Amino acid sequence: MRETLQLVTFILRRERLSLVLWVIGIVGIVVYMPFLYEGMYPTVTDRYAAMLMMANPAIVAIVGPSTGAYTLGALMTQEILLISVLAVGIMNVLLVNRHTRVDEELGRLELIRSFPVGSTTILQAVFAVVVVANVLIGGLVAVGFAVSGVEGLTVAGSVLFGAILTVSGLLFAAVTAVCAQAFSTAKGASGAAFMVLLVMYMVRAVGDIAGNFLSYVSPLGLVLQTRTFVDDVWWPLAVVLVQVVVLSALAVYLISQRDLGMGLIPAKAGPRGAAPSLLSVDGLAWRLSRGSLLIWTAGTFLVGLAYGAVIGEVETYIGENEMLQMLLASVGSGDATGPDQFIPFLIMFLVIVLMIPIVGPILRLAGEEKRNLTEHLLSRVVTRGGLLRSYFLISMLASMVLLAAGGFGFWLSGSMMLDDPIALTTMMGAMLVYLPATWLLIGLAVLLVGWLPKFAGFSMLMIGFMFFIGFFGAMLALPEVVMNLSPLSHVPAMPVDDFSAVSFSVMTSLAVALMAAGFVGYSRRDMQG
Amino acid sequence: MVTLDVKNVSKNFGKFQALDNVSLQVRQGEVHGFIGPNGAGKSTTIRVILGILQASEGSVTVFGKDAWKDKVEIHRKISYVPGDVNLWPNLTGGEVIDLFMKLQGSGNVAKREELIRRFQLDPTKKCRTYSKGNRQKVALIAAFATDAELFILDEPTSGLDPLMEKVFHECVLEVKAAGKSVLLSSHILSEVEKLCDHVSIIRRGEIIESGQMDALRKLQRVNVAVVTEEKILDFGQLDGVHEVEEVDGAVVFQLEPRAKSEVMRVLAGYGVMSLEVSPLPLEDLFMQHYEQGDGERG
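Taken in order, these protein sequences are the chains called E and G.
Sequential numbering of the first sequence, starting at 175, is according to this note's numbering.
Sequential numbering of the second sequence, starting at 560, is according to this note's numbering.
Since the hints were made in silico from the structure, they are not lab data.
Some hints could be false.
[What the hints assert, rightly or not] Among chain E residues calculated to face chain G with C-beta under 8 Å, some are:
#	residue
1	G437
2	P440
3	P445
[Unchecked claim] Quick list of in silico lysine-lysine cross-link-like pairs, BS3-like style, CA-CA up to 25 Å:
#	chain 1	residue 1	chain 2	residue 2
4	G	K725	G	K735
5	G	K685	G	K670
6	G	K670	G	K735
7	G	K636	G	K661
8	G	K624	G	K753
9	G	K661	G	K574
10	G	K691	G	K670
11	E	K361	E	K442
12	E	K361	G	K691
13	G	K725	E	K442
14	E	K361	G	K685
15	G	K670	G	K636
16	G	K691	G	K725
17	G	K661	G	K566
18	G	K628	G	K661
19	G	K735	G	K636
20	G	K735	G	K753
21	E	K628	G	K574
22	E	K361	E	K628
23	G	K684	E	K442
24	G	K753	G	K790
25	G	K725	G	K753
26	G	K566	G	K735
27	G	K790	E	K442
28	G	K685	E	K544
29	G	K684	G	K670
30	G	K628	G	K670
31	E	K544	G	K661
32	E	K361	G	K684
33	E	K544	G	K574
34	G	K624	G	K670
35	E	K544	G	K725
36	G	K628	E	K544
37	G	K684	G	K725
38	E	K442	E	K544
Quick caveat: nothing in here was measured; it's all calculated off a predicted structure.
Think of the CB as a built atom: it goes at the ideal place given N, C-alpha and C, for glycine as much as any other residue.
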C-alpha cells in the first residue's frame, strides 16, 4: 500500500504539467459551451430549427442521436458530449500508455521494478492517478454546468454529464491498460487503443443512424443513450462502469501472467531487407510520407462528405444567425446567403487546414536535416537538388490529391442532399482553384529550407496568418494592404465568383519563382545539424 | 598516392571560427588517426571533406577532385559513418543498410550478410528500438559492405561493446590490407594507437601535431620503472624527470629523451636491480599536448 502511494506521488509529479493542462483544457472548453449555445440559440424557434437540423442522419453519424427535445441542454449535449468523451478518451490513452508500455519500452519500469515493487502495484498506482484525473474532470464539469445559471442545466443533468466524462475516461484507461499488456511496443499499444476507440465510434455511428442494437454494443453509443438534461437515464452508464471494472481486472491479471518487456502478442519482425521501391531517395521520401498522406486523404474525403451532408440544411441555419452571416460576408463578393455562399466558406476552412499536410514533406526534410539524417544521404551519391526534389514532389502530389479528395467527398454527399445538385466539375473547380495558393506556401517553405533552414517553421506561422485573415479579417475590418498579404485573399470564391485566369497564373508564377530560388539556395548552402 | 588532401582549410560559422588553417593528408593504403577532444573540429573537418559544409578558405581534394564541386562524383568511392548515428524510426535496420548500399552504389550482398553476422545485428528490428550501439552497427555494416576506396569513420566505436569494437578493428585492418584508405576520427586513443599509421591531432580547430605514429611517439617521454638496491633520494630534482611515484617498491617516472644518458648515469650509482622502459600511452601523450596548449593560451 505504501509503495502504491509512493508510486502515485511519483506519477503525479511526472505528470504535473501535462495532466494539469489536459484537465484545464478539457474542463475550460466544455464549461464554456453552455454560454456559447445560449448566445447561438436565444429563442425557442432557433432551438427548434437547430433540433430539426441536428436530426439529419449525417449529423447523427458524427455527433450522436437527437433526443427530439429542443431545450438548450439537450441540444448542447447532442453536439458536444461525444466529442468531449473522445477528448477525455485520448487523454487517458496517452496517460496510461506513458506510464505502462512506454516506460517499459524505455527500460524505466525495470528500474522501478528493481525496488520491492510488484508488477501489479505499478498498474494499481496508474489506475489511482487515472481515477483522480477523471473524477476531477467530471466533477469540475458537473459543478461548472450546475452553477452556470444557463437555463435548463439542471443539477441532476450536470452531474450525469460529468459522470459520463469520468466513466468514459476510465473506460479508455482500462482499454489502454489491457492493450499495454497485449502489445510489446508503446506504439503498438497506443495504436491498438486508438483503434478500439475508432471502432467503438464507428459501430455507434451505424447503430445511431439505423436506430438499432449497435448503439448499445459500443460503450460510446451507450453513453449517448443517457438522454442527459432530458430524462437523465443512468443505467447505460452503469453498464459502462461494469465494463471498466472487468477490463481493469483483466489488465491486472494479464500483467501478473507475463514477463517484463514481453507482450501477449509478440512483436512482428520487420523486413530483413529493403523492397526495391525503397531503394532511392524518391522511394525513401514516399515511404516516410505515405502513411500520413493516406490518413489525411481519407480524413479529408470524410470531412468533404460531412460538408456535403450538412449543406442542404444550412440555408435555414444561416438565415437565423447573424454572426455566421458576417463570417460568410468575408468570403467572396456575393451577398446571397444560401448553400452556394456557404460552400466557399467551408472550402476555405478546409484548404487552410490542408496546408499543414501539404507543406509537411518540406518541413520533414528540414527536421531530418536537424537530426543528421540527411547527412547519410548527402554523403552518398545523392545530389542536393535530387534530395529536395523528392520531398518537394510529395508536397505537390499532396496539394492535388488532398484538394481533390475533399472536393469529391463534398460533391458525392452534397449531390444526394441538395434539391439542385452541384456539378462535379463546379465542385472540383471550387476546390482546385486554391491550388496556386497552396503552391505559394510550398514555394515559401522551399525558399526557407533553401536559404534559412532555421526558419522553416515560419511557413506554419503563415498558415496561422491565413486563418486569421480568412476568418477575422473582414470582421475586424483590417486594411486591405494587410488582407492582401494572405494568398487566400486572391483566390476567387468559386462557385459564387468566377474563375480568374489572372490570379491563377500570377500566383502560380510567383510560386514557381519561390521554388526555383529555394532549390538554388539548397544546393549552395551548408547543411545544419 | 594522396587519396585525401586537406589544404589550409578554415571554416567560420558567423563569428565563430571552427577550423583554423587545417591541413592533413591521407595516402592510399594508410589508416590515418584524427584525434582531439570533443568540439575540437573533427566532425566539422569531416563534413567539409564530404561537401556537406563548404570551406570558408582553403581547398579539399579527394581522388584529385574538388570536395565541394565534385562531391557527388567523389562519393561513389567514399563510405562514411557519422559520429552520432540517427536513423529513420519506422524503417528496419536491414532496410536502412540496403538503402545506404544502393545509394552509395557499390554494395555487396554477400558481404552484407557476413557483416550482419559478425556484428550480431538483428536487421528485422525497427530502428526506433535500436540502442546507440546498434544504430552504429547499421551504419558500419552499410559502410564496410561497399567497395569504397576511402572510409571516413567519425568516432565509430563510441557505442560499441568491447567485443564489437574488436570486430570493428578487424574490419578496418581488412580494408587496409585491401589497399584502401581510412580516416578514423576518435578520442579513444588506444584505438588509434592500435590501428593507425599516421596521426593528426586537432585542438580548438587547429592541427597541433601531425606525423607518423612512431615518429610522434619518439619525440615524447618514455615511462620508466626502476628497482634499485639503495633508496633513491631527491630523484625528482633531476632535470628531465617527471611524475615520480613509488609503486610496490619500484620508482616509476616519465623521462624526457634528452635527459636519458644523464639519468642512467645517476641510476647506476644506486645499483639497478630491474629496469623497465615502455612507451607512454597516447592518452598521457595527448594530455601533455593539452596541458602545454592551455599553458600557452593562459
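Hints the structure fails to honour: 1, 2, 8, 9, 13, 17, 22, 24, 27, 30, 34, 35 and 38
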